Amino acid sequence: MKTLKDNFWLWGQNAGTHHACYPELPGINQMEPTEGAAYLGIPNCCRVVMLDKPAPPFDDDAQKLSGFRQVVWSAIGAGGVERNNNDQSDLDEVLRQAERHPNVTGAVLDDFFPSVEGFDTSGKRARHSIRSIETMQRKLHEFPPRRLDLWLVWYSYQLEFAVQDYVDLCDVVTLWTWKGSDLDRLDENIERMAELTPGKRRLAGCYLWNYGERTELTRQQMDSQLASYRRWLNEGVLEGVVFCSNCVADCGLEAAEITRQWIQEVGSQHVPHAAYSGAETPLLTS
Amino acid sequence: MIIDLHGHIGNINVAPFWAADANQLDTALDQCNVDWLCVSSAKSIMYDVHEGNADLAASLQNSRRLLGYVVANPVFPDSISDLQLLREPKFVGVKIHPDYHGYDIGARGVRRFLDEVADATPLILSHVSCMPGTGFAAAEKVAEYAGRHPRTNFILAHLAGIYQNPLYPYFPNLEGLQRVAAMGLDNVYVDTAHHLMYVYPGVMDQAVSIMGADRLVFGTDMPLQGPAQSRFAIEIIQSLPIPQADRDKILFGNARKLLGKKIPQ
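Same order as they appear, the protein sequences are chains A and B. Each number in this note's numbering comes from the position in the first sequence (counting from 1) with 106 added on. Going by this note's numbering, the residue at position 79 of the second sequence is 68; the numbering climbs one at a time, nothing skipped.
Bound conformation, chain A alone:
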């Protein structure tokens, strides 16, 4: 029987990249994704390109990820990775890694719709055309060794954007609350996401720092969002949680310690609902 922890994911990015973009972050970040996941107690990883790192080929980094149960690579990277705007992508490289590493189970579209951060989407609805995403989905679904999933990052402030055609093409939707103050409406937003994504796998994205307002998340905000996630997991509306990130796991944030303790406390709880539909993969590749 699956436990909650089986469905926890790390948003894994190169150490130091968050501090490079958000100098308000305290301390120093040295934990790479494998270390951050081990520290927090998380078995799966979304490995996401940020500040153009890592750059293809991903061989070196993919080897480091071989201990994860599942790995989902970014297809276009974070919003600042402009080389992958305009229908360019790393998907072929992700598929090459999926051939080599059986724990690769999908690709994720990060920072995909127009962002409050102002990433360049050139006035379009999204960083890629719908045709590009259709092609991506087909390549993932028809990947010969096994079907792979297309994941999406969807911010709560984007829920009412006219992007349903894109959402419909994705297999897994992750909902992120960019501003800590918007966590007040977390339950309402999860319900709305569920309405908009019938039949899809849904995960919550859990920040460990308030990126949208460039400050720490309070204990109350952390306790409250984690309690919500647990409730929605138990009800089967959410399949899992993605924790962001190794890049802030070791810099002295109270939120990281709260999260680590929470995972230790609830991680072994059995999933009471049949929401889990992720791939079954071995712990280590052989």
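Among the clues, some could well be false.
[Claimed, not checked] Partial list, derived from the structure: chain B residues whose beta carbon lies under 10 Å from chain A: (1) Gln20; (2) His184; (3) Gly215.
Worth flagging that the hints you see were computed from the coordinates, not collected in a lab. Everything numeric in this text was worked out from a predicted model, so none of it was measured. We put the CB at the ideal spot given by N, CA and C, even for glycine.
Once you've looked at the hints, dock chain B against the given chain A.
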């Protein structure tokens, strides 16, 4: 008490997040509840042996919890003169780094230099190859050298390093650890300074089972690993399914034996 036998002072690889002066190391030790840290100079390892050793000597005078290793480099034979620093109370031994300094520990000319070093110090901390594509300091090669100097204690760093396998380089070299253990050398210890000790479950359990708690010492490579990693490494050791007395040996008991009077009893 916790004693970390493997750290550095200064800036490693010019990386801003791998830099620490004495004050920053003291703060980090507070954050991970470590009492003593033995450091070598990053500048000595990466740039200028003499200058780095001199910087370290100056830093140690103002620190209450740092102890030092003199770095010796056979590629620059003059560095042998820095061994005079061993007379100073806060220097505990010598650090050698064949991979960064670019020499094979088995080469004849190198041996002559290192023999002189080993005769002059009670303790050598030797780097063991732990980066993909490096192999000047394989664990068994360092241990074999230690066997020639039974009166000097050797710490083999990085949990015997990693497999030098170009396809899958990111796995702990437990086989190397087995070969070192099979040599049965009383003067050889292995430190825990590698993130693989906690990245993969069971690595430390296997290390204890192979080497025994009497032969393992705590090390982190600080500031390559920060206080959070250090705390995590301590947790891993504290959670080992062995008697508390054995955990204590790894965390400080063996180190106290190696450092003798350098650590107040």
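For the restraint on Gly215 of chain B, tell me whether the closest CB of chain A is nearer than 10 Å.
With Cβ-Cβ at 5 Å, under 10 Å, it holds.
With 10 Å as the cut and Cβ atoms as the points, is Gln20 of chain B at the interface with chain A?
Status holds, d = 8 Å.
Hint His184 of chain B vs chain A: min CB-CB distance below 10 Å?
Cβ of His184 of chain B sits 5 Å from chain A, so the hint holds.
Checked against the numbered hints given earlier, this structure breaks none of them.
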